[in-house]
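Visitor: Sequence:
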Amino acid sequence: MGGGDQIVVIGAGPAGLCAALELARHGLAAVVLDRNDRVGGLARTIWYRGYGFDVGPHRFYTKSREIARLWKEILGDDLREVPRLTRIYYNGRFFHYPLKPLDVIFGLGPVTTLRAILSHAVERARPHRDEPANFEEWAVRQFGRVLYTIFFKAYTEKVWGIPCREIGREWAGQRIRAFNLTDVILNAFGLKRRGARVVKSLVDRFYYPRLGAGQMHEAVAKRIRAAGGEILLNTPVTGLETAGDRIAAVRCGVGGERRIPAAHVFASAPITALARALVPPPPPAIAAAAAALRYRTHITVNLIAKGDRLFPDNWIYIHSPAVKIVRVANYNNFSRDMVAKPGTSALSVEYFCAEGDELWRVDDAGLVALAADEMERVGLLPRSWVLDGFVVREPDSYPMFYLGHQAQFRALYDHLVRYRNLTLMGRAALYRYHSQDHAMLTGLYAARNFLGLSAVDLFSVDSDPNYFEEVAGPSDPA
Numbered sequence: 038m039g040g041g042d043q044i045v046v047i048g049a050g051p052a053g054l055c056a057a058l059e060l061a062r063h064g065l066a067a068v069v070l071d072r073n074d075r076v077g078g079l080a081r082t083i084w085y086r087g088y089g090f091d092v093g094p095h096r097f098y099t100k101s102r103e104i105a106r107l108w109k110e111i112l113g114d115d116l117r118e119v120p121r122l123t124r125i126y127y128n129g130r131f132f133h134y135p136l137k138p139l140d141v142i143f144g145l146g147p148v149t150t151l152r153a154i155l156s157h158a159v160e161r162a163r164p165h166r167d168e169p170a171n172f173e174e175w176a177v178r179q180f181g182r183v184l185y186t187i188f189f190k191a192y193t194e195k196v197w198g199i200p201c202r203e204i205g206r207e208w209a210g211q212r213i214r215a216f217n218l219t220d221v222i223l224n225a226f227g228l229k230r231r232g233a234r235v236v237k238s239l240v241d242r243f244y245y246p247r248l249g250a251g252q253m254h255e256a257v258a259k260r261i262r263a264a265g266g267e268i269l270l271n272t273p274v275t276g277l278e279t280a281g282d283r284i285a286a287v288r289c290g291v292g293g294e295r296r297i298p299a300a301h302v303f304a305s306a307p308i309t310a311l312a313r314a315l316v317p318p319p320p321p322a323i324a325a326a327a328a329a330l331r332y333r334t335h336i337t338v339n340l341i342a343k344g345d346r347l348f349p350d351n352w353i354y355i356h357s358p359a360v361k362i363v364r365v366a367n368y369n370n371f372s373r374d375m376v377a378k379p380g381t382s383a384l385s386v387e388y389f390c391a392e393g394d395e396l397w398r399v400d401d402a403g404l405v406a407l408a409a410d411e412m413e414r415v416g417l418l419p420r421s422w423v424l425d426g427f428v429v430r431e432p433d434s435y436p437m438f439y440l441g442h443q444a445q446f447r448a449l450y451d452h453l454v455r456y457r458n459l460t461l462m463g464r465a466a467l468y469r470y471h472s473q474d475h476a477m478l479t480g481l482y483a484a485r486n487f488l489g490l491s492a493v494d495l496f497s498v499d500s501d502p503n504y505f506e507e508v509a510g511p512s513d514p515a
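Counting along the sequence shown from 1, when you hit position 389 you're at 426 in the working numbering, and nothing is skipped either side.
Treat the hints with care, since some could be wrong.
To be verified - Below are the EDC-like pairs computed for lysine to aspartate or glutamate, each with C-alpha atoms no more than 20 Å apart in a straight line:
#1 K259 x E395
#2 K100 x D241
#3 K378 x D425
#4 K343 x E431
#5 K361 x D451
#6 K378 x D400
#7 K109 x E431
#8 K109 x E174
#9 K343 x D410
#10 K361 x D374
#11 K195 x D74
#12 K343 x D374
#13 K259 x D115
#14 K195 x E207
#15 K195 x D425
#16 K361 x D345
#17 K361 x E294
#18 K259 x E431
#19 K259 x E59
#20 K195 x D410
#21 K100 x D400
#22 K259 x E294
#23 K343 x E278
#24 K109 x D74
#25 K361 x E278
#26 K195 x D374
#27 K195 x D494
#28 K378 x D394
#29 K343 x E392
#30 K195 x E174
#31 K361 x D115
#32 K190 x E160
#33 K190 x D241
To be verified - Computed spacing ranges between beta-carbons, pair by pair:
#34 S421 x V159: 44 to 50 Å
#35 R152 x F496: 36 to 42 Å
#36 K343 x R247: 36 to 42 Å
By construction, these hints were calculated from the structure, which means they are not laboratory data. By construction, the Cβ of each residue, glycine as well, lies at the ideal position given by its N, Cα and C atoms.
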């Protein structure tokens with residue numbers, strides 16, 4: 038390691054920025070590289086004609102007191118408490134979440150409601166000797182065939198682009214809490230069994246920065262720069278030069294015109310991209326694993342529209358298979374400071390695809406037209422009210438838990454961690470479905486492990502099976 042070697046952080050998302058911040062707190066300046074023109078990764082906020090749009094909505098909640106304190110320390114009064122309303126659109130109707138009696142009776146109807154209860158009871162009573170083989174089996178066992186079909190199948194297959202029976206049950210383990218239908222029905226009618234825990238998804242308030250999720254990460258970046266760190270945007274990594282069991286240098290920039298000798302590399306980029314960047318190239322088996330391991334691509338169509346009270350939700354999950362929309366967010370209901378003009382709205386319409394498929398090939402104007410048309414079809418916005426729009430395409434956004442992915446990931450991971458000065462962290466590199474607080478924790482712990490201040494297994498950060506959906510009470514960053 039030469040005297041000119043630098044600490045390099047690949048990715049200016051929540052994980053990368055927190056790693057660089059923790060290093061700066063201990064007197065070490067890092068060079069942070071990111072392919073985008075703004076920091077924040079998947080949690081960045083993009084401003085267009087005075088309107089703010091996240092790359093998909095991000096509510097701020099956490100069970101980590103350290104992350105809660107960090108959020109408050111970074112943003113102070115700009116971190117605001119926001120009322121939450123979330124609904125599900127299915128079969129031409131909107132269902133409040135948590136369930137409400139009228140939604141259940143008039144939405145599903147008494148016959149379907151009874152069928153759902155009986156279906157759930159039958160599955161819960163059925164003996165199962167083996168673990169579920171895939172997501173479909175897991176969801177049917179937990180919720181019954183009726184509720185699975187209504188509230189899981191179409192939505193999940195739109196997100197992932199493959200049948201639920203081809204999705205590993207790990208997806209459910211990271212994102213969906215199994216529940217007792219009796220508790221849900223009691224909740225719906227304002228009752229609760231003694232000892233039943235408060236479900237996190239039912240918490241009716243959350244925290245959110247005044248100027249969008251990206252405000253948090255912009256503020257962290259400012260601290261990194263003030264401490265002597267460097268953040269290079271529009272700077273993709275083009276090569277990881279190796280020498281024995283070390284990363285010798287990082288090539289970056291359009292055309293790879295800059296070469297940074299590396300003392301240590303912290304990487305939150307997709308693990309597939311990291312493997313492909315190795316110079317010399319990895320063995321054929323590793324290259325094959327990098328070609329086979331898949332991520333889902335995220336497309337956000339951001340709309341400026343007439344009307345400032347279009348719908349009261351922060352976001353709505355679109356479960357209807359009749360449209361391609363997966364989720365719709367209304368930033369008027371996150372922060373009015375993200376909306377330039379009274380009487381208008383900032384909306385994001387989300388789609389998922391595989392890079393290169395039919396939806397990916399639609400040009401931006403076509404995607405704006407599609408979003409406007411589908412918003413009208415689900416009754417959220419007359420298409421004539423759309424004033425303007427733009428598109429954000431984010432490749433390699435969601436790790437895909439398809440059957441068989443574990444072997445491909447493990448081959449890549451085991452090969453990359455042979456390099457003693459390379460640390461993988463964050464959602465894309467660890468191939469985990471991290472929320473941003475988890476990603477931030479992996480960045481903090483990655484830096485502390487390097488500094489000898491901790492010895493945390495980064496895969497343990499999101500190991501709580503109830504983390505995403507349940508907490509004893511609202512997270513409080515105060």
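Visitor: Of the hints stated earlier, which fail here?
Guide: Violated hints: 1, 4, 5, 6, 7, 8, 10, 11, 15, 16, 17, 18, 21, 22, 23, 24, 25, 26, 27, 28, 29, 31, 33 and 36; rest satisfied.
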